[in-house]
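Heads up: the sequence shown begins at 1 in our numbering, then just goes up one per residue.
Because the hints were derived from the structure by calculation, they are not lab data.
Wrong hints could be hidden among the right ones.
[Said to hold, decoys possible] Here are the simulated distance ranges between beta carbons:
#  : residue 1 : residue 2 : range
1  : Ala-322   : Met-291   : 34 to 42 Å
2  : Leu-301   : Ala-322   : 20 to 28 Å
3  : Lys-197   : Lys-357   : 39 to 47 Å
4  : Asp-206   : Gly-247   : 50 to 58 Å
5  : Met-308   : Lys-357   : 40 to 48 Å
6  : Gly-359   : Val-305   : 42 to 50 Å
7  : Leu-306   : Val-264   : 19 to 27 Å
8  : Thr-167   : Met-310   : 45 to 53 Å
9  : Ser-128   : Gly-88    : 17 to 25 Å
10 : Thr-284   : Val-262   : 22 to 30 Å
[Claimed, not checked] Result set (BS3-like, lysine-lysine): computed pairs, CA atoms no more than 27 Å apart in a straight line:
#  : residue 1 : residue 2
11 : Lys-357   : Lys-269
12 : Lys-269   : Lys-352
13 : Lys-77    : Lys-87
Don't be surprised by glycine CBs; every beta carbon is placed ideally from N, CA and C.
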Amino acid sequence: MLAPGAVTPALGRENPFAQRLLQCSRHPHSSTCGRGGLRACPRRKPKGAGGLSVQRLLNSPISRQGSFDVDSETATKWFYSAGNDRKGPFSRDQISALLSAGVLNAHSRVWSEATTEWTPLFRTELRSLLGGRDIAPPEIELPAAETTTTFVAPAKLAQPAPASTRTYDNRLLGTVLYWALNLNAFIQVIPVAAILKGKKFQDKVDIVRLFENESVVNAFGLVFVATILLFLIWCYRATTNAFRVAGPQSVTPWGAVYWNFVPVAWFWKPYEAMRNLHRAFVGTDDQRLLMQWWGAWWGSLAIAVLSMTMQGPGGIDQAANAEQYLFWTLAVCAADAASFYLAGRLVRQLSKAEADKMGVA
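Based on the sequences and whatever the hints tell you, model everything.
Listed below in structure tokens is the structure:
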């Protein structure tokens with residue numbers, strides 16, 4: 001409790017109204033009190049509960065509130081950064097307490113109206129709160145690991161990505177294969193024409209014996225094997241180009257080769273490979289030639305199997321019925337000739353469309 005008439009220097013300095021009351025109580029006739037003298041600052045206790053003294057006025061909540069408002073308006077307000085949050089406002093004494101508690105350090109970023117931007121504490125006027133201690137360097141902040149999001153591109157159904165960037169120029173190979181297939185067709189036509197030209201039955205039998213000669217069979221066999229090799233190479237290269245033009249196919253380039261030798265699968269896989277080439281280079285509008293080739297191939301195979309079943313593996317000299325043997329010989333050769341001829345036409349069509357699709361002049 002303050003003594004009557006006493007006031008602390010800070011309180012008197014901070015509250016002008018209290019300072020005036022105090023001066024008026026000590027010098028009632030001074031110019032500070034104005035014309036009213038003591039009437040402006042009554043010293044006597046009014047009637048009622050105990051009156052009102054200067055001491056009670058200075059210690060009243062109103063006086064203290066006035067002192068607080070003046071201080072709060074003039075004192076510097078500080079904020080500090082805590083991660084992504086802003087804390088404050090704090091007075092200088094509160095900042096000192098936060099330093100003592102370890103919440104803040106010399107490198108904590110603070111802000112006030114005087115700094116205009118976030119600044120390390122030791123570079124502001126608050127450095128005096130650190131005392132004479134040395135400022136240690138701040139900790140090295142490692143960059144946060146970047147979070148990468150993997151973008152999955154939507155699948156392109158219409159134009160899938162090509163499986164390979166390698167392409168082949170099949171123009172020369174396609175031309176050679178075309179003539180090789182026609183040569184095989186011509187080889188099959190020769191015995192048919194010779195047999196039909198023979199006037200006597202014995203002449204026809206002699207012609208069949210000539211074409212069943214081992215040397216003739218081996219020569220024709222070499223042409224046939226070379227044609228098959230050219231055809232398989234062409235299928236591989238053309239399918240590779242189809243992958244490049246139209247994307248992955250149901251039959252791979254190597255599949256276009258080995259499916260011809262896989263039991264059961266050879267019933268449809270070779271056709272599927274050729275159909276893929278037709279769709280990639282020609283289109284799907286007109287597939288009549290493709291269907292004709294596939295039908296002729298199966299027709300020649302069926303006639304050959306049926307002939308072997310009816311006549312046996314021997315030649316015309318071992319046949320029980322020479323006339324029947326001649327009939328099956330003509331049927332097999334005619335079916336093979338048609339199959340080779342249609343295969344040549346199909347290869348030529350696909351090779352031309354392939355060159356146009358690949359942009360080969």
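Satisfaction of hint between Lys-87 and Lys-77, Cα-Cα up to 27 Å: holds (11 Å)
C-beta pair Met-308, Lys-357: status relative to the range 40 to 48 Å that was hinted: holds (42 Å)
Pairwise beta carbon distance, Leu-306 to Val-264, judged against the given window 19 to 27 Å: holds (20 Å)
Pair hint outcome, Lys-269 versus Lys-352 [Cα-Cα no greater than 27 Å]: Given pair Lys-269, Lys-352 holds - Cα atoms ~23 Å apart, limit 27 Å.
Distance restraint evaluation - Asp-206, Gly-247, Cβ atoms, bounds 50 to 58 Å: holds (57 Å)
Status of the given 22 to 30 Å range, CB of Val-262 versus CB of Thr-284: For Val-262 against Thr-284, whose Cβ atoms are near 26 Å apart, the range 22 to 30 Å holds.
Satisfaction of the hinted span 17 to 25 Å by the C-beta atoms belonging to Ser-128 and Gly-88: Between Ser-128 and Gly-88, where Cβ atoms are some 19 Å apart, the hint holds.
Whether the CB-CB distance between Gly-359 and Val-305 falls inside 42 to 50 Å: holds (44 Å)
Assessment of proposed distance window 45 to 53 Å (beta carbons of Thr-167, Met-310): The hint (45 to 53 Å, Cβ to Cβ) holds, given that Thr-167 and Met-310 are roughly 48 Å apart.
Supplied distance hint 20 to 28 Å, evaluated on CB atoms of Leu-301 and Ala-322: holds (25 Å)
Beta-carbon spacing of Lys-197 to Lys-357 - inside the hinted bounds 39 to 47 Å or not: holds (45 Å)
Beta-carbon spacing of Ala-322 to Met-291 - inside the hinted bounds 34 to 42 Å or not: With a Cβ separation near 37 Å, Ala-322 and Met-291 satisfy 34 to 42 Å, so the hint holds.
Comparing the model with each earlier hint shows no violations; every hint is respected.
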